[in-house]
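Asker: Sequence:
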Amino acid sequence: MEFEFKQPLLTLKPVAGHFDSLEWRDGTLRGHGWLFALGKRPESATLFVNGQAVGVVRPESRPDVEEACRWANDSQPLGFRFELSNAALAPKRVDVVAISNKRPIGRLSSYVLQPQDRELPLPPSALAERVSGVSGEHFLVQGLKMFTDLTDVFLRYGIPTTGQLLDWGCGCGRVARYFLSRLPAFRLTGCDIDPEAIEWCGENLPGGVFLKVKLSPPTPFEDNTFQVILACSVLTHLDREAQAAWLAEIQRLLAPGGYFLASTNAEFAYRLKHPDVRPTGWRRWLERVVGTSRAPGLLRDIDDSMPDPNMRWFVPETVYRMVFQPKRYTVQLCSRYLRVVAYVPCGLDGFQDLIVCQKPKTGV
Numbered sequence: 001m002e003f004e005f006k007q008p009l010l011t012l013k014p015v016a017g018h019f020d021s022l023e024w025r026d027g028t029l030r031g032h033g034w035l036f037a038l039g040k041r042p043e044s045a046t047l048f049v050n051g052q053a054v055g056v057v058r059p060e061s062r063p064d065v066e067e068a069c070r071w072a073n074d075s076q077p078l079g080f081r082f083e084l085s086n087a088a089l090a091p092k093r094v095d096v097v098a099i100s101n102k103r104p105i106g107r108l109s110s111y112v113l114q115p116q117d118r119e120l121p122l123p124p125s126a127l128a129e130r131v132s133g134v135s136g137e138h139f140l141v142q143g144l145k146m147f148t149d150l151t152d153v154f155l156r157y158g159i160p161t162t163g164q165l166l167d168w169g170c171g172c173g174r175v176a177r178y179f180l181s182r183l184p185a186f187r188l189t190g191c192d193i194d195p196e197a198i199e200w201c202g203e204n205l206p207g208g209v210f211l212k213v214k215l216s217p218p219t220p221f222e223d224n225t226f227q228v229i230l231a232c233s234v235l236t237h238l239d240r241e242a243q244a245a246w247l248a249e250i251q252r253l254l255a256p257g258g259y260f261l262a263s264t265n266a267e268f269a270y271r272l273k274h275p276d277v278r279p280t281g282w283r284r285w286l287e288r289v290v291g292t293s294r295a296p297g298l299l300r301d302i303d304d305s306m307p308d309p310n311m312r313w314f315v316p317e318t319v320y321r322m323v324f325q326p327k328r329y330t331v332q333l334c335s336r337y338l339r340v341v342a343y344v345p346c347g348l349d350g351f352q353d354l355i356v357c358q359k360p361k362t363g364v
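Each residue of the sequence shown is one higher than the one before, starting from 1 at the first, in the UniProt record's numbering.
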């Protein structure tokens, strides 16, 4: 190892990035992908398996990611690849820890698919791609990465893993499938506006309860029902009025002391989707002087003006949006209804930011 690692892995911040592949097959662990830490230029990355450092990943050129991140003059993405043959390894989890100046600066983490994870059926490719943009093995890897990110937050902030859990916007179960198989102490309910996705989940994901909900609240659930509510890439499709209405509904549905975890398209997602947008005036000057990581973000207010045609056959484009919002907006919105516990940049799937909120135990 290039450094002495003393801190727990979960205390390292997540970095932006993606596992393009990650598999354990025939005694060999293989993976490749990329990571990106804003304001940093990682020289290398150390591979941890089941919490133990096992070696340094092989750097790999990623011109595609470099092109997408060309706006970040003071940062540099790191492509990586690893292959580790050891029949006794039995990998459950992988952490790729980025190193800069011989110090750890962040991690890209995921559990590894196990045989039981493949026992549940996969949704039809067209349905999976409509919900997540990927299908087949990539659908499984993506969902497990998101499950990893969410449960890391559970561990970091002491969120219980029993009781009633609502997966709001569950789609065709890319995350729900792992809560059902890996955290069965939860009683999982999934809801979505997509009738085909809900029908598929009800027929193929035993142990969960799934129902279609309307575009606008209220839902049919009783007050104070859920210990945890998840919203993976749901606020990313709601304009500001809809977000406020649904946050009030979330407050109603959460049990006292319950937690709400929601992802948003924030500064990194905005920059990645709009790499040619450049700061102007004093912001342009300041970014040149202090670097991208310390300059004010380009995303200064919520941008909910972009229609998203992905659900156009049963949701009007005037309702279903592609929404970007800065940290400040999200924190202020959620603080009107719940107590904000944490805000994790690139905390879900190495791309979207993640906010963690709690309903007070008394007084609401």
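Wrong hints could be hidden among the right ones.
[Said to hold, decoys possible] Okay, derived cross-link-like pairs now, DMTMM-like style, lysine to aspartate or glutamate, Cα gap no bigger than 20 angstroms in a straight line:
1. 92 x 23
2. 273 x 23
3. 212 x 249
4. 214 x 308
5. 327 x 241
Hints are computed from structural coordinates only; laboratory data are not their basis.
Asker: Take the hints in turn and mark each one as holding or not.
Answerer: We went through each hint and held it up to the structure:
{"no.": "1", "hint": "92 x 23", "verdict": "holds, 11 angstroms"}
{"no.": "2", "hint": "273 x 23", "verdict": "violated, 28 angstroms"}
{"no.": "3", "hint": "212 x 249", "verdict": "holds, 16 angstroms"}
{"no.": "4", "hint": "214 x 308", "verdict": "holds, 18 angstroms"}
{"no.": "5", "hint": "327 x 241", "verdict": "holds, 17 angstroms"}
Of the numbered hints stated above, the single one contradicted by the structure is hint 2.
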